[in-house]
Amino acid sequence: MSVDKNTVAKIAHLARIKVPDASLEPLVGELNNILDFVEQLNEVNTDNVAPMTSVVAATMVLRDDDITAGDCRDEVLANAPAAEHGFFAVPKVIE
Amino acid sequence: MTELTALTLAEARDGLVAGDFSARELTQSYVTAMETATELNAYIVDTPEQAFSMADAADARLKDGTAKAMTGIPLAIKDLFCTRDVHSCSASHILNGFQPQYESTVTQNLWDDGAVMLGKVNMDEFAMGSSNETSYYGPVRNPWKASGSEKELVPGGSSGGSSAAVAAEIAVAATGTDTGGSIRQPAAFTGTVGLKPTYGRCSRWGIIAFASSLDQAGPITRTVRDAAIMLESMASFDPKDTTSVDCPVPNYEAALTGDIRGLKVGIPKEYHADGVPEDIEKIWKQGIEWLKDAGAEVVDISLPHTKYALPTYYIVAPAEASSNLARYDGVKYGLRVTGESLDDMYALTRAEGFGDEVKRRILIGTYVLSAGYYDAYYLKAQKVRSLIARDFANAYEKVDVILTPTAPSAAFALGEKSSDPLEMYLNDIFTVPASLAGLPGISVPAGLSQDGLPLGLQLIGRAFDEETVLKVGGVLESAAQFSAKPAKWWGAK
Amino acid sequence: MSNYIQGATGDWEIVIGLEVHAQVISQSKLFSGAATAFGSEPNTQVSLVDSAMPGMLPVINGECVRQAVRTGLALGATINLYSVFDRKNYFYADLPQGYQISQFKHPIVGEGDVVIDLDNEQSKVVGIERIHLEQDAGKSMHDQHPTMTYVDLNRSGVALMEIVSKPDMRSAEEAGAYLRKLRTIVRYIGSCDGNMEQGSMRADVNVSVRRPGEELGTRCEIKNVNSIRFVQQSIDYEARRQVDILEDGGQIDQETRLFDANSGVTRSMRSKEEAHDYRYFPDPDLLPLQLDQAFVDAQKESLPELPDAKKARFIKDLGITAYNASVLVAEQVSAAYFEDMLADLAKRTGKAEKDVATAASNWITGELFGALNKLGQSITDSPIAAGQAAELLALQLDGTISGRIAKDVFEIMLESGKGAEEIVEEKGLKQVSDTGAIEGFIDQVMTENAAKVEEYRGGKDKLFGFFVGQVMKKTQGKANPKVVNEMLKEKLDA
Chain A
1 MSVDKNTVAK IAHLARIKVP DASLEPLVGE LNNILDFVEQ LNEVNTDNVA PMTSVVAATM
61 VLRDDDITAG DCRDEVLANA PAAEHGFFAV PKVIE
Chain B
96 MTELTALTLA EARDGLVAGD FSARELTQSY VTAMETATEL NAYIVDTPEQ AFSMADAADA
156 RLKDGTAKAM TGIPLAIKDL FCTRDVHSCS ASHILNGFQP QYESTVTQNL WDDGAVMLGK
216 VNMDEFAMGS SNETSYYGPV RNPWKASGSE KELVPGGSSG GSSAAVAAEI AVAATGTDTG
276 GSIRQPAAFT GTVGLKPTYG RCSRWGIIAF ASSLDQAGPI TRTVRDAAIM LESMASFDPK
336 DTTSVDCPVP NYEAALTGDI RGLKVGIPKE YHADGVPEDI EKIWKQGIEW LKDAGAEVVD
396 ISLPHTKYAL PTYYIVAPAE ASSNLARYDG VKYGLRVTGE SLDDMYALTR AEGFGDEVKR
456 RILIGTYVLS AGYYDAYYLK AQKVRSLIAR DFANAYEKVD VILTPTAPSA AFALGEKSSD
516 PLEMYLNDIF TVPASLAGLP GISVPAGLSQ DGLPLGLQLI GRAFDEETVL KVGGVLESAA
576 QFSAKPAKWW GAK
Chain C
589 MSNYIQGATG DWEIVIGLEV HAQVISQSKL FSGAATAFGS EPNTQVSLVD SAMPGMLPVI
649 NGECVRQAVR TGLALGATIN LYSVFDRKNY FYADLPQGYQ ISQFKHPIVG EGDVVIDLDN
709 EQSKVVGIER IHLEQDAGKS MHDQHPTMTY VDLNRSGVAL MEIVSKPDMR SAEEAGAYLR
769 KLRTIVRYIG SCDGNMEQGS MRADVNVSVR RPGEELGTRC EIKNVNSIRF VQQSIDYEAR
829 RQVDILEDGG QIDQETRLFD ANSGVTRSMR SKEEAHDYRY FPDPDLLPLQ LDQAFVDAQK
889 ESLPELPDAK KARFIKDLGI TAYNASVLVA EQVSAAYFED MLADLAKRTG KAEKDVATAA
949 SNWITGELFG ALNKLGQSIT DSPIAAGQAA ELLALQLDGT ISGRIAKDVF EIMLESGKGA
1009 EEIVEEKGLK QVSDTGAIEG FIDQVMTENA AKVEEYRGGK DKLFGFFVGQ VMKKTQGKAN
1069 PKVVNEMLKE KLDA
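Chain order of the listed sequences is A, B and C.
The first sequence runs 1 to 95 under my numbering.
The second sequence runs 96 to 588 under my numbering.
The third sequence runs 589 to 1082 under my numbering.
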């Protein structure tokens, strides 16, 4: 499988990274090199092999339902590029 | 008296406890050394004020008898660790100016034990790289140069600032993180010891994520003993990290008995890769001999899926990264490039904030997870990953530890491989398999190449058996008698 | 009976499936320790995890898992002992991580079913496809600033159960009945407060139409509808819209639509229509969720009697009407009120519960609900407690007061808050059953109306009611009507 310019443009949009048209073509080459490389995996027979779901063989521990965090608006907003009246502010969204 | 900066962590600890010098004096000597080493570009941010106040607190503890092994030890902290109110940007422009309101569990553990923070060190952006050339803050220069050459070399990556700082003696030791080799490979490139613990041994809480199922913090130090001491402080079970494992942290230093008689050491035939320089093969053979001489039994083993580790890694890691890095969108912290719409703002912010390698991996990761490709790439890779883990499990039925080279080459020149991503990726060929299986691995300096550059050997252990890895590492270290230091070419001006 | 839509070209059948997002009742969020309470100051219930600070990690709340399992059990569903949390990746201002943690391939609850109650005592089974746990998003406010959208992350990370039905409903009425039943069940077991106005229950409505018996048509999804009435309106509108398009020879585009409550129409959400590709994959920050059967069994033990079982028991063991049973079990508080009142009433009257159950159920569904309705109150804050109601009804059943007096006493109880016995005592409302006293009144009436007595005796039977009325009037309504009837008849016919 390989990607073309359209596919790269599409995934760049999915990833919300602006890619100028002029940069699409070189990216096609770079990404296809990587994809060709990973294509090797097709040689491996993985019938009846379960995908790895966790690196450690442990079961997930359930947390108690206690309020242990929050009430720290100043910390939450401390690094925000734009915050007004206790909200994060972003360019207006039209739904 | 020897220069304080020449002391190992263990020596510094003993000196502090004996009262030979104070934590403030030790810190002062590092702060001075750092000032003369700026051209290495190892540190992104120096925090001398913090360092001195921490050193004073350490001196108080040394006096009142509450000191621990790490008390008063000046450390360099990789920029990937969130440190409260201090620059923590993963060497990325997208986290421009970010100062977290919290402290990572690993660094908190170190501070609780009385360690001293000298500053935040450089790294590949978001830990994506093997040469420290993808940093927004510019490349780090390896303190080592090849004999007779003035060429600047890379310190390895992604923990290149950490490895360079330790090798240049501008930190006693440093924290690193390892996703596919980012502790072990830079350690090998700089003649230092790099230990990646078992996945789940150190908490990932407060460490800026690259690939969650692979990332693991560990120490880069001057000696195996130093690594043992520092890991004991860094490691803990952390209820804030679901993947951290509730398993007691042993006294690692006590494991360094030097006695490996009867221990079985596996030599995987698949690590005799094509194109690996003779130097590397030679040092590996040498390592095998040293362990034999120490009474270990050497066993030839096979890890049949080794070849597929790198392609597996280059699906799994970018996939996870593409999702982990979605939070950098200009809304909550870091860089924002204003756009006409919300989507515009996202796309412009992320285009400007991420470097080329990070973008490349986000795009690959986005692609392999996208509709119609998930099964062929991501699911396939996770299946192969199971097979790779199974290879190791089978091997550990026969052996106690595995010996391999750490990297397929010694340190290379700045810019030499940065134009070809794939060539760069191949640097991790020997370190990635253990990462995929979550196993502990250490790189120990074993000798010099023909060009006079350090070469490392890697030991891979069973899950949560860092003790064996350290013990065998200690034996290799003693046998290698590696005492070379880089000629100090920096700070002359 | 058919629910078909009559089109110009023939009948159409509506096919409806619902995805209900029900907020789990918990103190803290699904993956963080921040509080979940409704209506706090913006961004005050936000942890560093909820605001997706770098390096922050999710840790699952056991209570949310427990409530999802209980909900599954209450819907007779399979509980999956192994489930997995996945990341659903997309960018939006109120989604701080850039992904929502949800369950995609391996949900915690599998197939189950819900019996819905329709008009005229019919019922129908609607299949449950699955229930999964997921995080709620934050809230974007677009109307606070001319050029900015404000984002509040208080909701971000609150646990939701997405309850997905099979496409088993065939009318707006059925969809409404399904939602009501679901709400009743989650309220019974306390896993969700079912409060649609505050958004703790919302529905995505999938609607398609087809010729009866044919293949499923293309569906449209109406997002985020927040009342049962709106769900029903949106279905009726959407089905009609689709029929009109098809009858004009057009075709339905599969799309996401929005219901506008003001105009009652659905409209396309083009902005959400761009190729969505959520890139689901297992969240590597979490481990698979593994439950043991003992945990599930313990949750099953913890379930209260559910509405369907309760209704069946009321009908079978207590002999009340199916209608009364349905009304009483619709809310757990009503059912509890009934059962409390019934126990008390049986004790007071010395009768078996089943012998007084019909009277009690009639009284609650008639008198009490009527009064509460007038007062605009719900049974939760009923001014008359179950014990007080039993006291009143007992007086009526043992003949101390007549049914008519009982109504008056109830009025006084509502106004004064006093007990029924106290009121009856105070106002001397005890029914007169003393035949001597009643005979005196009858004689008086017969004397005063001698002419009418003659007419009656001459065959004008209808006048009997007049005499009864006169006697009751003289006794101020306190005479036992049964005694009055008997004695009057005896005397007149003598």
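Hints listed in this document are in silico derivations from the structure and should not be mistaken for laboratory results.
This structure is a prediction, so every number in the text was calculated from the model and none was measured.
Some hints here could point you the wrong way.
[Claimed, not checked] In silico BS3-like links for lysine-lysine, alpha-carbon gap of 27 angstroms or less:
#1 K10(A) / K676(C)
#2 K512(B) / K5(A)
#3 K335(B) / K676(C)
#4 K995(C) / K1015(C)
#5 K693(C) / K10(A)
#6 K92(A) / K676(C)
#7 K1070(C) / K335(B)
#8 K1040(C) / K1070(C)
[What the hints assert, rightly or not] Footprint (simulated), chain C over chain B, 3 or more residues, beta carbon under 8 angstroms:
#9 279-287
#10 432-446
#11 459-471
#12 579-587
Glycine is no exception: its CB is placed at the ideal position from the N, C-alpha and C atoms.
*For this structure, which hints from the list above don't hold up?*
7, 9, 12
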